[in-house]
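Hey, can you work out the whole structure from these sequences and the hints?
Protein chains in written order, with our numbering: chain B, 1 to 75; chain P, 1001 to 1386.
Rather than coming from a laboratory, the hints here were simulated on the basis of the structure.
Keep in mind the model is a prediction, meaning the values are calculated, not measured.
Quick reminder that beta carbons are idealized off the backbone N, C-alpha and C, glycines included.
Hints are supplied without guarantee of correctness; some may be wrong.
Unchecked claim - Some chain B residues close to chain P (C-beta under 7 angstroms, calculated; not the full set):
#, residue
1, S12
2, T14
3, S15
4, L33
5, P37
6, H39
7, L40
8, C44
9, G45
10, V55
11, D56
Unchecked claim - Here are a few chain B residues that face chain P, going by a calculated C-beta distance under 8 angstroms:
#, residue
12, S13
13, A16
14, I18
15, R19
16, R38
17, R49
18, A53
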Amino acid sequence: MAESECSVFLFSSTSAAIRAEKLAMESDFKVKLIPVPRHLSSDCGVCLRCDSAEVDAIRSLLESSRVEWENVRRL
Amino acid sequence: MIYFDNAATSWPKPTAVPEAMSRFMLAVGANPGRSAHRLSIEAGRMVYETREAVARLFNLSDPLRVVFGLNATEALNLALWGILCPGDRVLTSSMEHNSVMRPLRALERERSVKVDIVRCSSEGFLDADDAEAALRADTKMIVLNHASNVVGSVLPVAEVGRIAREHDVLLLVDAAQTAGAYPLDMGAMAIDLLAFTGHKALLGPQGTGGLCIGERVQENEMRPLKQGGTGSRSASEQQPSFIPDMYESGTPNTVGLAGLGAGVQYVIDRGVEEIRAHEVHLTRGLIAGLVEIPGVIVYGGLDAEMQTATVSFNIDGLAPSEVGLMLDEEHGTMSRVGLDCAPAAHRTIGTFPVGTVRFSLGALSTTDEVDAAVEAVREIATGRAA
Chain B
1 MAESECSVFL
11 FSSTSAAIRA
21 EKLAMESDFK
31 VKLIPVPRHL
41 SSDCGVCLRC
51 DSAEVDAIRS
61 LLESSRVEWE
71 NVRRL
Chain P
1001 MIYFDNAATS
1011 WPKPTAVPEA
1021 MSRFMLAVGA
1031 NPGRSAHRLS
1041 IEAGRMVYET
1051 REAVARLFNL
1061 SDPLRVVFGL
1071 NATEALNLAL
1081 WGILCPGDRV
1091 LTSSMEHNSV
1101 MRPLRALERE
1111 RSVKVDIVRC
1121 SSEGFLDADD
1131 AEAALRADTK
1141 MIVLNHASNV
1151 VGSVLPVAEV
1161 GRIAREHDVL
1171 LLVDAAQTAG
1181 AYPLDMGAMA
1191 IDLLAFTGHK
1201 ALLGPQGTGG
1211 LCIGERVQEN
1221 EMRPLKQGGT
1231 GSRSASEQQP
1241 SFIPDMYESG
1251 TPNTVGLAGL
1261 GAGVQYVIDR
1271 GVEEIRAHEV
1281 HLTRGLIAGL
1291 VEIPGVIVYG
1301 GLDAEMQTAT
1311 VSFNIDGLAP
1321 SEVGLMLDEE
1331 HGTMSRVGLD
1341 CAPAAHRTIG
1351 TFPVGTVRFS
1361 LGALSTTDEV
1371 DAAVEAVREI
1381 ATGRAA
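See the structure below:
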């Protein structure tokens, strides 16, 4: 996945980020927990990287599972 | 050797429990939720898996509303000190452990909280109608143990839960004696706050437990017991205001939670219903064996279906401590003797201040052990008579 095609979901807690990762992987999205890139700011140190084309679908998944995130940013 | 002190802490544990702890110590070891490297994330995933297993077992829809701590006592303190404000009124039963009674007596002294106590029967049972009758217009919370740690009597939590909802009162349940051994469904039983310990029937290690927070309790209604680092909102000197971080300051007992996860998974795989059926079967045999020994008095309802696998008894003419010592030294049988940290419960069943001898079985206990323990009591009681 090229950097320009990636986005990240930012969370306020690591627990929420890990829950999001598990839910996304169970739905076969290609995601990875990575350190928050230095040009972004977040309330916790990890964020969930995904394919930008899948942001909307992941957003719906997190909403339906009531996982809260702070922001979504394109890398 | 027969270990019949599972109500104090379960032993032995399924081998998966120490194995999971060893795996964490040898291969992961990092601080969960603090750093972003792979070992920290792996530790975080492991803690999350335990959260999810606990949530599944108690039918709580959001795993992030499982807050981990040291034990049921800490969870009860969090709920009681966090929610009860000066002048509030709380209702409890006469069968409670000191993990509930001591915080309530302290709240009475320090915050003028009004404590109402509904009387249970001398067998240790609560009539839900009595609980409803004891509610006052300003009662804010009901706190009940799900089952007595002295006689195992199961209290009607689901009925009280329904009553609590009708009267818009919060229900806090001390599930120290039932979590893992008896079906618990926070939704169906209308439980708002469920305090559990990890080292009893959930088969995890000591130093693990927590509080499950239902949807009726809002973050701003329950203050944390302590403040500190959480790995989140690190730029702020104010405590975060979201669950679970706001209640989990400081590095957790991650190795313990690895073991707890394996214990809960054992319970889920074997099935609480199956464990319950096994324990009912053993308890029925234990009660039947003890009641027919001359000079032995067995307390409680004497009905395995109505209680956990905890049975209290005395031998006429012998102090509980003498019986406990003979069981240990002459028969290799471990029991608990005395007041079980529950003076209120012993007053209710009429055994205060002497107390009882308590046998408590677990998921891994066997009929052979029950038979041998009954035989040991028979020898001690008969020796006494001769």
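Evaluated hints:
A cut of 7 angstroms between beta carbons decides the hint on S12/B: the least distance to chain P is about 6 angstroms, and the hint holds. For T14/B, the interface hint holds, since its Cβ comes within 7 angstroms of a Cβ in chain P; the closest pair sits about 4 angstroms apart. Among the interface hints, the one on S15/B holds; its C-beta lies about 5 angstroms from the nearest C-beta in chain P, closer than the 7 angstroms criterion. Against a cut-off of 7 angstroms between C-beta atoms, the interface hint on L33/B holds, since the closest Cβ of chain P lies about 5 angstroms away.
The interface hint given for P37/B is violated, since its Cβ lies 11 angstroms from the closest Cβ of chain P, which is over the 7 angstroms cut-off. Violation of the interface hint for H39/B is found here, the shortest Cβ-Cβ separation to chain P being roughly 15 angstroms, above the 7 angstroms cut-off. For L40/B, the interface hint is violated, since its Cβ never comes within 7 angstroms of a Cβ in chain P; the closest pair sits about 12 angstroms apart. Hint status for C44/B: holds, given a least beta-carbon distance of 5 angstroms to chain P, under 7 angstroms.
Evaluation of the G45/B hint against chain P yields a held restraint, the C-beta minimum of about 4 angstroms falling below 7 angstroms. Checking V55/B against chain P: minimum C-beta separation of about 21 angstroms lies over 7 angstroms; hint violated. The beta carbon of D56/B is not positioned within 7 angstroms of any beta carbon in chain P (closest approach about 23 angstroms), and the interface hint is therefore violated. For S13/B, the suggested interface contact is upheld, since its CB lies about 4 angstroms from the closest CB of chain P, less than 8 angstroms.
Given the 8 angstroms rule on beta carbons, the hint for A16/B holds: about 6 angstroms separates it from the nearest Cβ of chain P. Satisfaction of the interface hint for I18/B is found here, the shortest Cβ-Cβ separation to chain P being roughly 4 angstroms, below the 8 angstroms cut-off. A least Cβ separation of about 6 angstroms between R19/B and chain P falls short of the 8 angstroms threshold, and the interface hint therefore holds. At about 12 angstroms, the closest approach between the beta carbon of R38/B and any beta carbon in chain P exceeds 8 angstroms, and the interface hint on this residue is violated.
The closest approach between the C-beta of R49/B and any C-beta of chain P is roughly 12 angstroms, which is over the 8 angstroms cut-off, so the hint fails. Because the smallest distance between the Cβ of A53/B and any Cβ of chain P comes to about 25 angstroms, over 8 angstroms, the interface hint for this residue is violated.
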